[in-house]
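S.K.: Here is what each chain is made of, one letter per residue.
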Amino acid sequence: MSAIYILWLRELRRYTRSRVQIIASLGQPLLYLIALGFGLGAVFRQAGRGSYIQFVAPGVIAMTVLFSATFSGIALLWDRQFGFLKETLVAPVPRAYIMLGRTLGAATSSTIQGLLVATVCVIAGFRPADWTLVPLGIAFLVLIAVVFAGLGTMIGSMLKDMQGFQMVMNFLVMPLFFLSGALFPLDGLPGPMKVATHLDPLAYGVDGLRSTLIAQTFFGYALDVAVLAPLAAVFIGLGAWRFSKIQV
Amino acid sequence: MINVENLTKKFGDITAVDSVSFRVPAGEIFAFLGPNGAGKTTTIKMLTTLLFPTSGKIEIDGLDPMRHQNEVRRRFGIVFQDPSLDSNLSAWENMELHGALYRVPRKLRRERSEMLLTAFGLWDRKDEEVQKFSGGMRRRLEVARGLLHTPKIIFLDEPTLGLDPQTRNQLWSYVRDLNQKEGITVFLTTHYMEEADRVSARIAIIDHGKIVALGTSQELKEKTQKATLEDAFLALTGTALRDEASSAQDRMRAMAQMWRR
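Chains A and B, in that order, give the protein sequences. Our numbering applies: residue 1 is where the first sequence begins, and numbers increase by one. Our numbering applies: residue 1001 is where the second sequence begins, and numbers increase by one.
Rather than coming from a laboratory, the hints here were simulated on the basis of the structure. Don't take every hint at face value.
[Said to hold, decoys possible] With a straight-line Cα cutoff of 30 Å, these simulated BS3-like cross-link-like pairs (lysine-lysine) come out:
no., chain 1, residue 1, chain 2, residue 2
1, B, Lys1010, B, Lys1132
2, B, Lys1152, B, Lys1181
3, B, Lys1210, B, Lys1221
4, B, Lys1210, A, Lys160
5, B, Lys1210, B, Lys1223
6, B, Lys1181, B, Lys1210
7, A, Lys245, B, Lys1010
8, A, Lys245, A, Lys160
9, B, Lys1126, B, Lys1107
10, B, Lys1126, B, Lys1152
11, B, Lys1223, A, Lys245
12, A, Lys160, B, Lys1057
13, B, Lys1057, B, Lys1010
14, A, Lys160, B, Lys1132
15, B, Lys1226, B, Lys1057
16, B, Lys1210, B, Lys1152
17, A, Lys245, B, Lys1057
18, B, Lys1010, A, Lys160
19, B, Lys1223, B, Lys1057
20, B, Lys1210, A, Lys245
Extracted from the complex, chain B is given alone in its bound form:
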């Protein structure tokens, strides 16, 4: 379903993603793990048509995201690392907007919105503005929205960041359920190793833009002679702390807090 060969992305002198190759067969739950700044989000952006690769090849369901942008976009749903809801709109309006953008027929849109909002426990509050929602509710809404147009693939970029264990559990059990029932391919990133261990069939570990290991959780543990995935992860990526440069985005956030817009 996802086919990546020698994918490279350079920003000036910095190589964010360095000749990465992997395949994700249809119906698999695939985890993409790595420390901060390892190139996870950059890879996802290239897979989802948001960023042009410097070189290499990508196929999503047999299509090149650069040449068949809209066909590829129709095939996946995505939950971004950063919030991407319109917080001045209600949950229902966010779903409506998504459905209209993806040209889901009105009747089907309503049915699926109701089904998904109910499944994620948001139906009772569908008419409330999203700014009144907690972090967990927003996340659930984003997942629900990403599934509205029945995509073949769902990308989840750190979907459980900052959520309580209850919400995390519920989210993953729903994702697993969906994977089993509808055969949707799942591509996820997370910093919670036990989640990746529990949910995913195979795991790729990326560091400094390169894939350093790829296999089942069991294989990674055996390869590194460690008992847990977390230890295996640390053995593969080292224990040095990673600092990401403060971006324009961080500065904007600080500014927005001042402006309260």
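For reference, chain A alone in the conformation it holds in the complex:
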């Protein structure tokens, strides 16, 4: 247990020490929120769907957690190449604990990052429909963070170098984001798009956030949890398994 804790603490310390990075990674969500929020606001309103900022803010928060969690998971790659990973791999601790500590640390720091962006959203004019549901929204944030930190660690255990990282970025992370309905409503999509969005785990995360924060839902709260919670377990399990197979 102390191994899990100390590695969790390490991730958190690294996060809080990278102040520049924290600020820098607020930039992109902010751009989406402001540029799209105001840019598409008029069209969205004309279509009779209300405020676009209200609609897109949960999407932007989910996006932040997706990127931040996946990348902290994949950061394993850096540790692998620059040595620190070896220090943990020769430690007399089951590999699964090491993976778990890292993943939970990554999930925690991305949740914090998500909360920072949420704060920025509120400053930009976003208002939750019901403040009493905000804790539930945060619970969703944590769930999303664990799912994608697990996925990131799993991928990080399999990759050897940065070329693979670009592939993951273009063929996994970006599609996960764009097909999640973070930026557009999921109803009324053509067939193949509909299938793709239904297969995107982040879609359930975004939907969960929307159902708790702006009282709009596509899949329904229960289905969102029913998809995400088992998925978190599966990714962590697979990640731990891949991690235990690492040879350097």
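Take the given structure of chain A and dock chain B to it, following the hints.
M.R.: Chain B in isolation, oriented as in the chain A frame:
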């Protein structure tokens, strides 16, 4: 303490380590020398549970590293060829992390960390982030960390690479001291022949994955009729230059320099 029989590691068609056998008794300082790409690091990785052998037998303190991974891991400390500190953490936090991973009780962890950091001249800067440390300081910290859990064996894979003579001297005198006082077994590799000559009791020379000579420095010199260990080493391994293929790791380093992460 270390017992290796017919150890072999193949990567595809390449045989990195080819049927290597040797024994290191408890309390000995054993040097493992060879040109680049000879199989030194691969051997160390197999001894330290990081890599599975293709065939052969290893015993560390009587235990098989493949079947009793965690028991074996508890018994050794290691300083890797590449840096393995977390440079965003302070020296103290690196020690703390290591102690927690090895389940050294908190009180003992603190005492030993203080003792080791003082011995390696790092106590005054224990709260600074490691990224502010010089190469020599990092190396010293890695050795200190490797000793925190009082291992029976310490593996030192080119620990003095890129260090100035002062630091090298200090490091080896500490290692020798430790060997004499605590009876710790030392398994080292280095490219500095005079270091191996001075510090180690016995020397194995490995080339192309095979041990080409094993004995005391004196025996190796006599065998090759040379005056210095360096000449003996060259006589045994030839003077041809060795090129290692650029690895994924080298490419990552180049990339990281660009990204400055």
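S.K.: Run every hint past the structure and note whether it holds.
M.R.: Evaluated hints:
1. In summary, the hint linking lysine 1010/B to lysine 1132/B is not supported, as the alpha carbons are separated by about 39 Å, beyond the 30 Å threshold.
2. Note on lysine 1152/B and lysine 1181/B: the hinted pairing holds, with a Cα-Cα distance of about 12 Å set against a maximum of 30 Å.
3. With a C-alpha separation of about 19 Å, the suggested pairing of lysine 1210/B with lysine 1221/B holds against the 30 Å cut-off.
4. Only pairs whose Cα atoms come within 30 Å are accepted, and lysine 1210/B paired with lysine 160/A is accepted, the gap being roughly 28 Å.
5. Annotation: proposed proximity of lysine 1210/B to lysine 1223/B holds, straight-line Cα distance about 18 Å (limit 30 Å).
6. At roughly 33 Å between alpha-carbon atoms, lysine 1181/B and lysine 1210/B are farther apart than 30 Å, so this suggested pair is violated.
7. Between lysine 245/A and lysine 1010/B the alpha-carbon distance is near 18 Å, which keeps this suggested pair within the 30 Å criterion.
8. Using a Cα cut-off of 30 Å, the hinted pair lysine 245/A and lysine 160/A holds, with the two alpha carbons roughly 13 Å apart.
9. Taking the CA atoms of lysine 1126/B and lysine 1107/B, the gap is near 17 Å; set against the 30 Å cutoff, the hint holds.
10. Restraint check for lysine 1126/B and lysine 1152/B: the C-alpha separation of about 26 Å stays at or below 30 Å, so the hint holds.
11. The suggested pairing of lysine 1223/B with lysine 245/A is violated, with an alpha-carbon distance near 44 Å, which exceeds 30 Å.
12. Taking the CA atoms of lysine 160/A and lysine 1057/B, the gap is near 29 Å; set against the 30 Å cutoff, the hint holds.
13. Between lysine 1057/B and lysine 1010/B the alpha-carbon distance is near 15 Å, which keeps this suggested pair within the 30 Å criterion.
14. The hinted pair formed by lysine 160/A and lysine 1132/B meets the criterion: a straight-line CA distance of about 28 Å does not exceed 30 Å.
15. Straight-line distance between C-alpha atoms of lysine 1226/B and lysine 1057/B comes to about 34 Å, which puts the hinted pair past the 30 Å bound.
16. Proximity of lysine 1210/B to lysine 1152/B is assessed by CA-CA distance (about 26 Å); at most 30 Å being required, the pair is judged to hold.
17. Between lysine 245/A and lysine 1057/B the CA atoms are separated by roughly 21 Å; this keeps the pair inside 30 Å, and the hint holds.
18. Note on lysine 1010/B and lysine 160/A: the hinted pairing holds, with a Cα-Cα distance of about 19 Å set against a maximum of 30 Å.
19. Taking the CA atoms of lysine 1223/B and lysine 1057/B, the gap is near 29 Å; set against the 30 Å cutoff, the hint holds.
20. A C-alpha spacing of about 28 Å is found between lysine 1210/B and lysine 245/A, which places the hinted pair at or below 30 Å, so the restraint holds.
Comparing the model with each earlier hint shows violations of hints 1, 6, 11 and 15; every other hint is respected.
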